[in-house]
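Asks: Each chain, written out:
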Amino acid sequence: MQATLPTTPSFDRAAERARVQQERRRSAMIDVFVTLGTIALALLIGFLVMLIVGKDPILAYASLLSGPLSRSIRTGRWIEDATTLIILGLSVSIPFRARQFSLGAQGQMFMAAMVAAVVAIYLPMPPVVAVLLPLVAAMIVGFLVGLLPGLMKAYLNANEIVSTLMLNAVIVLLYDFLLTNVFTPPGSQSLRSELIQPNSMLLRFTPLVGVNLGRANLAVLFAAILVFAVWVLLNRTPFGYEIRTIGANEKFARYGGINTRRTIAWSFAIGGAIAAVAGVHLVLGVHQRLIPGIAAGLGFEGIVVALLARNNPLLIPVTGLFYSYLRVGGDIMEQEAAVGAEIVQVIQAVIILLLTAQVLVDYVKARNQRVREA
Amino acid sequence: MEQALQVIFSATFIAAVLRVTTPILLPALGGLIAELGGVANIALEGIMLTAACAGVLISIATQSEWLGLLAGVAMGVLMALVLAFFHLNLKADIILAAIAINILASGGTIFVVFLLTGDKGSTSALVSKQMPFVEIPIIKDIPLIGPIVSGQNLLTYVAFIAVALVSVFLYRTRAGIHLRAVGENLEAARSVGINVRAQQYLALALSGLLAALGGVYLSMGYVKFFARDMTAGRGFIALAAIFLGGKTPLGTMIAALVFGAAEALSVQLGNLRVPNQLVQMIPYVATLVALVVYALVQRQRAIARQRKFRQTQAV
Amino acid sequence: MRNITKIYPNGVLADNDVTFEVRAGEIHALVGENGAGKSTLMKILYGMERPTSGQIFLRGKPVTIHTPHEAIALGIGMVHQNFMLVPSFTIAENIVLGAEPLRGAFVDKRAAIAATTRLAQQYGLTVDPEAIVDAVPVGMRQRVEILKALYRGADVLILDEPTAVLTPQETHELFTAIRQLVNAGKTVIFISHKLREVMEISDRISVMRDARMVGTIDKRDADEHLLAKMMVGREVFLNIEKPPVQRGPVVLKVRNLEYATEAGVEALKHVSFNVYAGEILGIAGVEGNGQTELVEVIAGLRAPLSGVIELDGKSIAGLTPRGVRQAGVAHIPEDRLTNGVALASSIQENLIVDRYEREPFTRGGLMRPAEIERNAEALIEQYAIRAPDGTLPVGSLSGGNMQKVVVARELSSRPKLLIAAQPTRGVDIGATEFMHEQLVKARNAGVAILLVSADLSEVMSLSDRLAVMHDGRIVAIFPDTRGLTEEEVGLYMLGTKTMTQAEIERNW
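Chains as they are written, first to last, in our numbering: chain A, 543 to 916; chain B, -12 to 302; chain C, 81 to 588.
It is worth saying that the hints were derived from the structure and are not from the lab.
A portion of the hints provided could be inaccurate.
[To be verified] Lysine-lysine pairs mimicking DSS-like chemistry, simulated, CA-CA at most 30 Å apart: (1) C:Lys274 / C:Lys577; (2) A:Lys597 / B:Lys107; (3) B:Lys234 / C:Lys189; (4) A:Lys793 / B:Lys78; (5) A:Lys793 / B:Lys234; (6) C:Lys274 / C:Lys394; (7) B:Lys127 / B:Lys211; (8) C:Lys349 / C:Lys577; (9) C:Lys333 / A:Lys793; (10) A:Lys793 / C:Lys394.
[Unchecked claim] If the Cβ cut is set under 7 Å, some of the chain C residues that face chain B in the computed set are: (11) Ile152; (12) Gln161; (13) Met164; (14) Leu165; (15) Gly178; (16) Phe186.
Ideal Cβ positions, reconstructed from N, Cα and C, are used throughout, including at glycine.
Hey, can you work out the whole structure from these sequences and the hints?
Replies: So this is what it looks like as structure tokens:
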């Protein structure tokens, strides 16, 4: 019996490949177009909301969209916020790539902020070490805080959404408790810790460039390094392959020999370690001490940033910059146009809803196809 | 310690447990229906929040608690339908869509409250209405039982009656049976002519209705104002209660009572100068522990079943 | 059904101007390869799909059927290939599902049980109305499906590959029931690709190929070869040629293997056998008698309770899937398109899932895209996978080419033992031939092959030796498949006959 295969002469591989690659470029273009369209649509909805509630949407949008560039200190706030959001987006993208809905970044940041502050306040250190040691300590703790729900999911199949949210609540309360009873020096008027030692403070840009960029600081470098590191991790390491394969089909990954449980647990933990860097940025770079609710309200922002970038680490800086621009603009809008900054959250929700609505994307693609064929 | 025990075994404590269980039990029952219909609803939190907000605002505007209730419930169902539309018609991932709903609720309620009152924190400066508290004749005079069972908020009674209603609905009515069939085997349901999408819409709408009642209770029963993010994770604790309760109405109620007891205890212990934050952690830690214990128990059972098989083999 | 055309939104032409006619009171077989369009045609008749064009006539009148509900109302019932039952519901609940008898506002469970019992007696289809579906055997589940359709007043019954999961004896019982139904005035449409059964049961036979209706013939004008030719448009070799077996040393040794599922179901009971280099050991049996568990325990996907699994004398029992693979086991899983590939991942990535962490694909902790691409290009060429580009997602390939991706990966790992589970299920004749060729080729090259298949004729013609599983046990091992009849093997599959322990041990 001959084991040759039926070859099909009609199949011209080179031509097919060219066609497919063209198709792919077109599809990528449409993705970009859909994302931009979604953002525009969400902004339009926000516009209409303001119109309906009787605010002046033009004034509001003028301050929302030009605000972050209107003064250097506001630009500094934008850079500062973007640094946090980019790191958070990277953190979230790792478990999300494995299709694990870890929502633990909030708690991981608080925990990391505490650990970094404890080291940076109480342990005298020489320069450089004074930055690296709190960073490493916080990352280890962030890793462990991520590992716990990761292990619970991987080995006990405990719902990760519930477990990470519960853990967040516990950590935030713990933070509150320790800040009130331990970190705030006796006799202090307000609820806040001492300043960290000067050696631990991340260098701010203001003295470097001579323009007031507020609290924007060298943690931007952390973000840049992490973008590259996460890209390498996801796309060029066996661990990244494992994560992506589990995300594509967990049963297949297990069948193929991947230790799915370990990989899932680690995806949570590495996400936690990266979220910790965001917490370190808040303490060593932004506030230079612990303040109440230091990372409050940042919990879901990383998800939006990652989602907009479709969990692609190279796109996360773009979406992080975009989204923090909106956030900072929202605050300025609130000051200047008396429109609540929470409208930005509404816009954010609309963006998520529209981007996850698969049918809309498919519809645009199908339409594009028909138009081309016609 | 003695003091603590005294607290736990008092009628006021048990009455308090029922009070704090209500805003967990109602969304949990809603979430249970959605879960059994195959459309896990993690937007319970956001739905509660919008319902709590809408209820208070309308009750301020109309000075009628009943119109407030109606508005709250309508708002909650609307949010659930938005989720259903995006998931069922537009094929959005239900978890991400629900996260969006939660963000929308959190930001949207603050935005609206700020717009109307100029205050971002709460509506407490304005006079809102409360759902009635019900004194039950005869029962209220029975010692011990009276103070527990009587004098609760109307919605607390609704919550516990809802346990029975949800059971009957799920297991005895056509709609409930169809809903469970859809959740368990969608194709089978579709093949006998059950309108799958309609059932899942129904499941999400009912979950919205029950979660909304829980939200209205929070702002118009438990307290008498709306405060930002006042649901404080109850929508998620409700989710935990569903899983712990083995996805049955009765089990869900028992789990909700456990969480309620933990929360009531934290309030009581708070009075005994135990630091506030540590006590507030109790329900969250309890949920975490319960998740682990539940999983371990399940695993032990499976192992025991396997062992039993081996023993019968040996015989 | 006249001039039915169906084009799916993705552009696939499933039915092309098909006209199909069934007479009242007949048993009409509809045959064709997978993808020939017969399932789509029946889904259109049952209202699960809408035709792009064409019309349906029932008793001479044009009808529109847009939902299964409307089909049911018109007296059309369908028994699907994968059962459409709710596992946690009782049999009676499943039968009345969607049309429950009511008492007041509530579902009347007693009436449901009574109706089930009555129907079951009327048509001689025995079931236990109060049993939970999850706990009853496959044969009974199928009877439940038929009763479900009858309960809804079906006059026309569509049976989609009903014998795929049955033993020859159960098939025989089913055929008796079908004849009884026709005698009671029902009409039966019987979808199948088992030509022998088609010849046995049907009155008339319609053949489809490439989305078109090839023709309808009376049974008395038909024979298996003619039908096969109509199905594929060319002569098909129904027999598999293979050189005589060159049996080498023992590769896989399994002794007293026991396994229970997490639900406590005893799936494997003291299973023992050998597989030798250069031979194909077939495992026959009705599905659900422990074959799936056996394969997954050996492959490391489930942990055995006790027993010995040795590969070349080294224990592989309880190893992880990777450990088992590295010991030299390859595995073509039964649910290939769901578990054997990751649809969203690229072809390149699908082809390295068992070796990505090793040289040459990973060096110094980093993966090497050039090597991954080279590997994919070589396999695409060697196995004639019709893929323009290795970076495309596997999901963009046709079903047959996805199969090839799995086979290419598993065979290129140079295994000592190849486990092939249901290798031709859901596969058309062309792909079946390909799969058979590959298995025989690997066998001739000295690989030990464990073949598990529910298709009795396949497992009997491919295997050198044949073991039969029933109720978690090996009940027979035949040292030579030549001269065996399906009826005899069927008796063992049913559990009515069992070899003695000594006999089995002699044939290990």
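Asks: Does each hint fit the structure? Answer for all of them.
Replies: Tested hints:
At roughly 25 Å between alpha-carbon atoms, C:Lys274 and C:Lys577 fall within 30 Å of each other, so this suggested pair holds. Restraint check for A:Lys597 and B:Lys107: the C-alpha separation of about 17 Å stays at or below 30 Å, so the hint holds. As the CA atoms of B:Lys234 and C:Lys189 are separated by approximately 22 Å, the hinted pair is consistent with the 30 Å bound. Under the criterion of a C-alpha separation no larger than 30 Å, the hint pairing A:Lys793 with B:Lys78 is consistent with the structure, at around 23 Å.
With a C-alpha separation of about 25 Å, the suggested pair A:Lys793 and B:Lys234 falls inside the 30 Å cut-off, and the hint holds. Distance check on the hinted pair: C:Lys274 and C:Lys394 sit about 41 Å apart at the alpha-carbon level, beyond 30 Å; violated. At roughly 24 Å between alpha-carbon atoms, B:Lys127 and B:Lys211 fall within 30 Å of each other, so this suggested pair holds. Of the supplied pair hints, the one linking C:Lys349 and C:Lys577 holds, its CA atoms being roughly 17 Å apart against a limit of 30 Å.
The hinted pair formed by C:Lys333 and A:Lys793 meets the criterion: a straight-line CA distance of about 27 Å does not exceed 30 Å. Taken as a hint, the A:Lys793 and C:Lys394 pair is honoured in the structure, with Cα atoms around 27 Å apart against an allowance of 30 Å. Of the supplied interface hints, the one on C:Ile152 holds, with its beta-carbon coming within about 5 Å of a beta-carbon of chain B, less than 7 Å. The restraint placing C:Gln161 at the interface with chain B is violated, with a minimum CB-CB distance near 11 Å, outside the 7 Å limit.
The criterion of a C-beta within 7 Å of any C-beta in chain B is met by C:Met164, whose closest approach is roughly 4 Å, and the hint holds. A hinted interface residue such as C:Leu165 counts as satisfied when its beta carbon comes closer than 7 Å to some beta carbon of chain B; here the least separation is about 6 Å, so the hint holds. Proximity of C:Gly178 to chain B holds as hinted, the smallest CB-CB distance being about 3 Å (cut-off 7 Å). Given hint, C:Phe186 at the interface with chain B, holds; its Cβ is 5 Å from that chain's nearest Cβ, closer than 7 Å.
In terms of the numbered hints stated before, the structure departs from hints 6 and 12, listed from lowest to highest.
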